[in-house]
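Enquirer: Sequence:
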Amino acid sequence: MEFKLEDSLGFILSKTNTKLKNKLFQRFYEYNVTPEQWSVLNCLWTREGLTPKELADMIFKDKPNTNRILEKLETKELIVRKPHPVDRRSYQVFLTNRGWALKEELVPKAVELLDEATKGIEQQKVAEMIKLLNQIYDNIS
Numbered sequence: 001m002e003f004k005l006e007d008s009l010g011f012i013l014s015k016t017n018t019k020l021k022n023k024l025f026q027r028f029y030e031y032n033v034t035p036e037q038w039s040v041l042n043c044l045w046t047r048e049g050l051t052p053k054e055l056a057d058m059i060f061k062d063k064p065n066t067n068r069i070l071e072k073l074e075t076k077e078l079i080v081r082k083p084h085p086v087d088r089r090s091y092q093v094f095l096t097n098r099g100w101a102l103k104e105e106l107v108p109k110a111v112e113l114l115d116e117a118t119k120g121i122e123q124q125k126v127a128e129m130i131k132l133l134n135q136i137y138d139n140i141s
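Just so you know, the UniProt record's numbering puts 6 at position 6 of the sequence shown, and the rest follows in order with no gaps.
Read the hints as simulated data drawn from the structure, not as lab findings.
Don't take each hint at face value.
Simulated DEER-style distance windows between Cβ atoms [claimed, not checked]:
#1 46 with 17: 38 to 48 Å
#2 124 with 76: 38 to 48 Å
#3 86 with 30: 35 to 45 Å
Okay, derived cross-link-like pairs now, DSS-like style, lysine-lysine, Cα gap no bigger than 25 Å in a straight line [stated by the list, open to error]:
#4 23 with 72
#5 109 with 76
#6 76 with 23
#7 21 with 53
#8 15 with 82
#9 53 with 76
#10 21 with 109
#11 53 with 63
#12 63 with 82
#13 131 with 119
#14 15 with 125
#15 23 with 61
#16 19 with 61
#17 15 with 4
#18 61 with 103
#19 23 with 82
#20 15 with 131
#21 119 with 15
#22 23 with 119
#23 119 with 109
#24 119 with 21
#25 61 with 21
#26 4 with 61
#27 61 with 82
#28 53 with 119
#29 72 with 53
#30 63 with 76
#31 61 with 15
#32 109 with 15
#33 76 with 21
#34 19 with 125
#35 109 with 72
#36 109 with 131
#37 21 with 72
#38 109 with 125
#39 103 with 119
#40 61 with 76
Each residue gets a CB set at the ideal place from its N, CA and C atoms; glycine is no exception.
Turn these sequences into a full structure, and let the hints steer you where they fit.
Expert: Written out as structure tokens, the structure reads:
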């Protein structure tokens with residue numbers, strides 16, 4: 001049985017992910033936001049008051065990495081951490097006005113990148129690809 005790395009699904013997904021992250025990094029560079037920080041901001045734009053554990057689960061990072069991302073976002077004054085009202089061992093994360101303002105700048109840049117990445121591919125095929133990738137993820141979870 002022959003195995004060609006360059007034709008394997010995992011390799012193609014990995015190189016595509018790397019390319020997308022690098023392009024996103026370039027587009028966000030002037031805002032001093034990394035793709036990892038973007039993922040946290042994006043979660044908070046949808047739902048504030050999340051705990052670090054909830055954020056870690058949502059962005060598929062471990063808790064120490066998530067805490068490092070949160071520390072950087074806090075240093076940049078994009079988020080604030082407030083004591084959790086029920087669990088005194090935890091805290092909740094909220095956006096600052098600066099964090100909210102970035103949404104108007106970053107979301108169009110991310111959408112533009114995804115539009116470029118899927119140029120020439122019918123929207124129905126893009127939707128099917130997303131569905132298939134989610135099914136693959138579920139299969140190996």
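Enquirer: Checking against the hints above, which ones are violated?
Expert: The structure breaks hints 1, 8, 19, 26, 28; every other hint is satisfied.
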